[in-house]
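K.L.:
Spelled out, the chains give:
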Amino acid sequence: MIWLQNVLVSPGEGGVYGERTLDGYRIWDPYRSKLAALYVLGGGVDLTPELRVLYLGAANGTTVSHVADYVETVYAVEFAPRPMQDLLEVARRRKNIVPIMADANRPDEYAPFMEAVDLVYQDVAQPNQVEIADRNLVFLKPGGHLILMLKTRSVDVRRDPAEVLAEARAGLERHLDVVEVRWLEPYHHDHAAIVCSLRE
Amino acid sequence: MLQRYWFGDVDEQGCRVAGTDPAALAERAATLRTGMESYVPIDWEAARACGVVRTREEYIDLLRAVCTTLARKKIVVSYQARDVELLQMVRMLDELDNVINLLQERAAEWYQVTNPSFSRKYRSLPAKKMLSLIRRGAQGGLGDVAGEIERLTGTRSRLMREVSARADEVLPNTSALIGGLVAARLLSRAGGLSALAQMPGSTIQVLGSERALFSHLRAGTPPPKHGIIFQHRRVHNAPREVRGRVARVLAAKLAIAARLDYYRGEVAPEFLNDAQARIDAAGVAA
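Keeping their order, the protein sequence lines are chains A and B.
Using the numbering used here, the letters of the first sequence map in sequence onto residues 1 to 200.
Using the numbering used here, the letters of the second sequence map in sequence onto residues 1001 to 1286.
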């Protein structure tokens, strides 16, 4: 990861979503991006130039663009048509983003396009987030990592976020080793990052 | 084991390449059905071995072209659905209401400063009359603004008729139960006809009262009885003690109506007769 004066940045062509730049690098704002928040808080998996990434819940492609600045290839999956239009525009300018319009719940829809990846990053507002992660492990290389951004409010608004997190963690531990669990306070409320690795 | 990938079919013997034209590849890829039990992710070098591409760069380029084509097609299809434009129409209508109200209030305040004797208090002065009064009475900017508000009001009425007509066409059964305008607002809140058709009646009942609902779930305040459907006369005209019941029965029938609209797309008279009778019966005080 690249830090300039303690600010997280990424190398690449700017002007994707009006982000500010610093010495020609794009500032990656932890208040906007949950992944940036995870790095700023000292966690996460280092993004390196040879990495292949499956990004579930790509939305408008803002965080995707920063990930793409660091890694070799990003497979960006998004379901909704409106954000997909923006994502296509981002992918047009970044040659290492493969935009896929499909439902992360249904990996069979995009399996014919997928190679094995080193990192699965998941940020979807669905109640069955752990189940979705499980279904996408088929694309993950042994020893590869999963970063799950758990939106506890999407799972169940009535329950205590800590309880939701504990349950999600237990669910993930069936197939994965949980490496790190971190709340994204103060950048994002009731969001937790769970970093796992796939057993060899 | 045969693997069907976007660039062709691959198995132990070798591969059958599907071509190198992105449009043709996209068309083929759209028809692929993958069973996940025996699925193996692509090794891109298989594509090179098959002669589809020569380098990794070419591989990603071609894949991107195929995926982009597919995504564009899917976007077009999802926007073709008849409910998508209605969604924008009704949101524009509600936005117009907001804007017109704001402008009207401000115009009245302004007019009051230049004409101290003017007040809307203690007499029922309809907005329409007030606007033409201001337009004629005020000079310069304020007069212009009043004229513009009047034109916006006209636009709003025409749009409202359009929304109603479109809702009757897209949501025939739902509109028959609560009127086109309220039906369109339900659609807008749900986010689309397929979403609305998948909602249980209890959700439809409180669509639009999310604040009250979540404060109920979080803090245990009394639950909301109705959301958008309160705008329907049989709900807001019902006596207080049966209003919750009317809302519940109406919402349950709306859930069925939305499914009829989504899966059948035409009026179902036998359902409507029965549903109307049930809703009317729920409104009779015990």
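Note that these hints are calculated values from the structure, not bench results.
The structure presented is a predicted model; accordingly, all values stated were derived computationally and were not measured.
Check the hints yourself; a few may be wrong.
[Said to hold, decoys possible] Quick list of in silico lysine to any residue cross-link-like pairs, SDA-like style, CA-CA up to 25 Å:
#	chain 1	residue 1	chain 2	residue 2
1	B	1073	B	1116
2	A	95	B	1089
3	B	1073	A	93
4	B	1225	A	95
[Stated by the list, open to error] Partial list, computed: chain B residues near chain A (C-beta under 7 Å):
#	residue
5	1001
6	1005
7	1036
8	1039
9	1041
10	1071
11	1118
12	1160
13	1161
14	1271
C-beta: ideal position from N, C-alpha, C; glycine also.
K.L.:
Hints first: check each against the structure and report whether it holds.
P.N.:
Each hint, compared with the structure:
1. B/1073 with B/1116: violated (61 Å)
2. A/95 with B/1089: violated (37 Å)
3. B/1073 with A/93: Holds, at roughly 20 Å.
4. B/1225 with A/95: Violated, because 52 Å separates the two Cα atoms, which is more than 25 Å.
5. 1001: Not OK, violated: residue 1001 of chain B not within 7 Å of chain A, min 14 Å.
6. 1005: holds (5 Å)
7. 1036: holds (5 Å)
8. 1039: holds (5 Å)
9. 1041: holds (4 Å)
10. 1071: holds (4 Å)
11. 1118: For residue 1118 of chain B, the interface hint is violated, since the closest Cβ of chain A sits about 45 Å away, which is over 7 Å.
12. 1160: violated (25 Å)
13. 1161: Constraint on residue 1161 of chain B not satisfied, violated at 27 Å.
14. 1271: violated (31 Å)
Comparing the model with each numbered hint stated earlier shows that hints 1, 2, 4, 5, 11, 12, 13 and 14 do not hold.
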